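*Asks:* In order, the protein sequence lines correspond to chains A and B.
Note that our numbering has the first sequence beginning at 152, numbered continuously upward.
Note that our numbering has the second sequence beginning at 152, numbered continuously upward.
Hints were generated in silico from the structure; no laboratory data involved.
Given the structure is predicted, the values throughout are model-derived calculations rather than measurements.
Each pair may be met inside one copy or between any two copies, as identical chains are not told apart.
Straight-line C-alpha distance at most 20 Å; calculated SDA-like pairs for lysine to any residue: (1) Lys401 <-> Gln188; (2) Lys401 <-> Glu190; (3) Lys401 <-> Gly166; (4) Lys401 <-> Val164; (5) Lys260 <-> Arg333; (6) Lys260 <-> Asp270; (7) Lys153 <-> Gly166; (8) Lys401 <-> Glu222; (9) Lys401 <-> Ala189; (10) Lys401 <-> Gln374; (11) Lys401 <-> Glu157; (12) Lys213 <-> Asp404; (13) Lys378 <-> Leu354.
Number of protein chains: 2
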Amino acid sequence: MKTVSENRAFGGVQGVYTHASIACACDMTFGLFLPAQAEDGPVPLLWFLSGLTCTHENAMVKAGAQRWAAEAGIALVFPDTSPRGEGVANDPDFALGQGAGFYVNATRKPWAPHFRMWDYVTDELPRLLFNAFPLAEEVQGITGHSMGGHGALTIAMSFPGRFRSASAFAPICHPTSSDWGRPQFSAYLGTDESSWAAHDATLLMRRRGFDGPLLVDQGTSDQFLDKLRPEALAEAMASARQGGTFRMQKGYDHSYFFVSTFMEDHVSFHAQAFLG
Amino acid sequence: MKTVSENRAFGGVQGVYTHASIACACDMTFGLFLPAQAEDGPVPLLWFLSGLTCTHENAMVKAGAQRWAAEAGIALVFPDTSPRGEGVANDPDFALGQGAGFYVNATRKPWAPHFRMWDYVTDELPRLLFNAFPLAEEVQGITGHSMGGHGALTIAMSFPGRFRSASAFAPICHPTSSDWGRPQFSAYLGTDESSWAAHDATLLMRRRGFDGPLLVDQGTSDQFLDKLRPEALAEAMASARQGGTFRMQKGYDHSYFFVSTFMEDHVSFHAQAFLG
Numbered sequence: 152m153k154t155v156s157e158n159r160a161f162g163g164v165q166g167v168y169t170h171a172s173i174a175c176a177c178d179m180t181f182g183l184f185l186p187a188q189a190e191d192g193p194v195p196l197l198w199f200l201s202g203l204t205c206t207h208e209n210a211m212v213k214a215g216a217q218r219w220a221a222e223a224g225i226a227l228v229f230p231d232t233s234p235r236g237e238g239v240a241n242d243p244d245f246a247l248g249q250g251a252g253f254y255v256n257a258t259r260k261p262w263a264p265h266f267r268m269w270d271y272v273t274d275e276l277p278r279l280l281f282n283a284f285p286l287a288e289e290v291q292g293i294t295g296h297s298m299g300g301h302g303a304l305t306i307a308m309s310f311p312g313r314f315r316s317a318s319a320f321a322p323i324c325h326p327t328s329s330d331w332g333r334p335q336f337s338a339y340l341g342t343d344e345s346s347w348a349a350h351d352a353t354l355l356m357r358r359r360g361f362d363g364p365l366l367v368d369q370g371t372s373d374q375f376l377d378k379l380r381p382e383a384l385a386e387a388m389a390s391a392r393q394g395g396t397f398r399m400q401k402g403y404d405h406s407y408f409f410v411s412t413f414m415e416d417h418v419s420f421h422a423q424a425f426l427g
Numbered sequence: 152m153k154t155v156s157e158n159r160a161f162g163g164v165q166g167v168y169t170h171a172s173i174a175c176a177c178d179m180t181f182g183l184f185l186p187a188q189a190e191d192g193p194v195p196l197l198w199f200l201s202g203l204t205c206t207h208e209n210a211m212v213k214a215g216a217q218r219w220a221a222e223a224g225i226a227l228v229f230p231d232t233s234p235r236g237e238g239v240a241n242d243p244d245f246a247l248g249q250g251a252g253f254y255v256n257a258t259r260k261p262w263a264p265h266f267r268m269w270d271y272v273t274d275e276l277p278r279l280l281f282n283a284f285p286l287a288e289e290v291q292g293i294t295g296h297s298m299g300g301h302g303a304l305t306i307a308m309s310f311p312g313r314f315r316s317a318s319a320f321a322p323i324c325h326p327t328s329s330d331w332g333r334p335q336f337s338a339y340l341g342t343d344e345s346s347w348a349a350h351d352a353t354l355l356m357r358r359r360g361f362d363g364p365l366l367v368d369q370g371t372s373d374q375f376l377d378k379l380r381p382e383a384l385a386e387a388m389a390s391a392r393q394g395g396t397f398r399m400q401k402g403y404d405h406s407y408f409f410v411s412t413f414m415e416d417h418v419s420f421h422a423q424a425f426l427g
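All chains should be modelled from the sequences, with the hints used to inform the complete structure.
*Replies:* This is the structure in structure tokens:
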């Protein structure tokens, strides 16, 4: 693992690191914020998974999460959204290929050799983080924005007991019935739709739900509402009697201005769950 | 004036607007955050002047100021740092030309036709803002980062009575004796150094000071300390018996991680002054 940069921020350190990833068969970069409290021992870890076109950097510099994480003594990790680099497949469509890993393990050409973001985020990166940094593996939460909200919700529901709490900002809620989902799952996983169900938050909610508190925020003026399909997840949460809160935020769109506005609430929500 | 974008943020609106500037003889772009309180009448205005290489956008998306401005009911304006576009002179050095206006009126070729950022920020843009938006002209503060801290301090001291309060993040403190100052003032203003003094915060502090509270933050691990020369301004403030606070922040560098860390303090500082 190599240190790309470390900047003091809110009394802690905002670092950026690269490492050779086995899962993705390329170098991967991530951001990690460690609060001052990490000097005294392991701290809780909140995952932030980012959306289409993002790298590890966007949320790290625009979401304003460090302020609240520092106050609560929580570390933040910002993984990249896909493998990258020469020799890694790509597509002219911003919603496929580099910057658009969709947090799945691709099984189809040309994606299969590198696009294994599910394994990367759920297995390889956690092992690296808990080995290298003062992080409390037993106190984790997960959140994300848009495609990253999809990742956060599907991962949270797939690993019962791992995350104390889960939340999402304008997540892709029902990818198996959306233009942000169907084309990508076809490309990455093939056209047998039975393999898609494990990566659809609405379907997972209907089938098993999440074993902790859940918070979802969605702007009513989001320009991608038809692709995100919040109504499907809201309905599924209520039908499944999932404990949680689904908030439609009047006038907010899909941007980081929306994310940063409600970041304080999300970090507080996870911090509260971490106390339990 | 044309609206480029408007995003709901922290209960208010983060807008971006362009207009034909007479001072700079080109189109200019600025960001303006209006808090929810602006719906009920004019609100105080805090200026944020940005540093080298920045546009109107950097601080708007990375400094995290809107959160605190929304809470205090304060508007924020983020001007660009120079004229831009085809036909506008430029230089390969990032510290000269586009992105590096240094908040002066250039009098020398090839800069004089467009590089009139002093007039733009102190005269043209304020008139436009107070005409077009619900802003209280009698309640203004000014701050900025690096080259923008230089702009904020020199402008604050040059217009007694206009700003209730002034602050700066890692400002260029003494440009007439710095590599961030001497080459640019030579290019923009010519080699007669007497014309430079009006644009040097340390010299202005010695001569007249600021007629309100002043707050300066500077990181001790800033990679540009030799160019910023904080010691010159700190000495001048103390010698001039200027009311104010100069803080050296242990371990912080020149980045927006530093700026965002102390943004809450700066907005609170100005909000306090606005009550007076």
